[in-house]
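K.L.:
Please model the complete structure; the sequences and the hints are all you need to start from.
Residue numbering for the sequence shown follows my numbering, starting at 1 and increasing by one per position.
Any given hint could turn out to be false.
[What the hints assert, rightly or not] Restraint ranges, calculated between C-beta atoms of paired labels, are given here:
(1) LEU339 x SER240: 23 to 33 Å
(2) GLY371 x ARG396: 53 to 63 Å
(3) PRO295 x ALA263: 54 to 64 Å
(4) ALA8 x ALA495: 34 to 44 Å
(5) ARG396 x ALA8: 47 to 57 Å
I should point out that these hints are in silico values taken from the structure, not numbers from a laboratory. All C-beta atoms, glycine included, are put in the ideal place defined by N, C-alpha and C.
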Amino acid sequence: MAPAVVAAAGAAALVPYLPAGPDLYVHLLWCWEVMRCLVAGVLPVWLPDLNAGFGSPGIRLYSPLGPFLQGVVGLALGSAGAALRAVPVLAWGGFLLVVRRRRGTPGAAEWGILLAAPVVVYALLGRGAWSEFLAVPLLWWLLDVAVEGDLAPARDGVLLGLLWLMHAPTTLMALVLMGVAAVAARDALRLLKLTGAAVVAAGLTAWHWLPLAFEVGLMDRDALTGGIFVASRNVLGSPSAHALGENIWLGWCAVALLVALAAERWWRTEGVRTVAVLVAVALASPLAAFLYAPPSPFSFLQFPWRWLLPAMVVGARPLRRSLASPGGRLALGCLLAPLLAFPWRGVASDPRLTAAMTWKQAGAAVFTSFGGNPMVVDAAQNRPASWALLARNLERFGARDAVLDSGEGRVTVVSWAPLERALRVEATGRTNVALRLLDYPFWRASVDDVAVPVYGTTGVVEVSVPPGRHLVRVSWAGDPWARVGLAVAVATGLALGWGRLRLGRRRRAGGSGA
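P.N.:
Structure representation (structure tokens):
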């Protein structure tokens, strides 16, 4: 089975098209930038080519795992587009192997139902939301063990941490529904295990969420929860929803799921799953609109209809079990019926972004392929305050990587790596040298190996240089909270390893005593 999955991924990589969803642009650019960083031998903590070469904090914020995995695969396959096609096949193929092992042939049928579900298809082919689509296998496992009462804090804490790194909004929804399942089952032990898993996940991912908690304040919150992303405006049935036609279609998907639930009376045999599905659908509806007002964590979901995805994941099991009856098959047909009116956006030709491309080449390629912005701008939620001056700096820099503020002189680029830049500056008087680099708090500078302040009042990194010939270096120092978080993550990992070692010794001692 595994060779078939790999072969299918290889075949997908050869297809010269990509789904033309609204998220295609940024996912393609993130994958390409990861490839560029890995080729340079650094982690993608700063994406150097985005925003017309001025850079971006990028995927390090929010959900980095999906683009990172795609970038690794992109290096192996030669282009970002090939990775975006192959990775979903590999992820869902691996998911099939897991569910077959856990549930046998019925598990494979459940996998098929889930893969064909309208809201799952919409995530990838409608929106181009790769990270959300890749999160579904992890979401399925976590919701399954929560509903079935099989949750293991250590194992599932690790998986919950991976889900956080893959797609943070899905993690929030998973935690809520896992808690709902424990309450519906009236099982305090499940709640205790869920708490343990959440603590493990928080410890292992502290290197990510600790700096994020600080750096989110450096971004424009309105870009994340304002405008078209106001969650309360995007509940199902809202007349002011963004992409109103798709919101209406998703509303019919919710109705179809509820009809399937009622037709087969899931509550008779699947009480906990029924409660979880109903809660998820309710949270996507106008009934829950008041929950999405900032500063509620739910406001970061942006689109409350996201709840339909975990609702479908939970409901796949009852649907599969009811297939033996005519009513069950009719319920499945009802669930799949919205596919007949699927909001298909068509396909875009693959721009074949490679690790060797500059930002100008990549920008020209995405513009030619599907009309993407040739300035390769990052997603709005990844734009620091200095981004507001980008237009002015584009005019100021032109095609140059560095400019002198005043006086006569010359600046030469010695090296230009993602996390370190070196310039040779020759000036007749004191001047500032400005780099094609968005101002961000974690850049550090030196002149002739002596640390100097970084000035960012013009939206880019600037360094004051005295008269004469000097070597200027600017390098990434990193968020100090990331180092604290890394220490917490290492301590958590060591604690898990120690606990597993002790458990193994106890089992061996018990076996020898018997």
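K.L.:
Hint by hint, say whether it matches the structure.
P.N.:
Hints, verified against the model:
1. LEU339 x SER240: 23 to 33 Å: Between LEU339 and SER240, where Cβ atoms are some 27 Å apart, the hint holds.
2. GLY371 x ARG396: 53 to 63 Å: 27 Å, violated
3. PRO295 x ALA263: 54 to 64 Å: 40 Å, violated
4. ALA8 x ALA495: 34 to 44 Å: The hint (34 to 44 Å, Cβ to Cβ) holds, given that ALA8 and ALA495 are roughly 39 Å apart.
5. ARG396 x ALA8: 47 to 57 Å: 49 Å, holds
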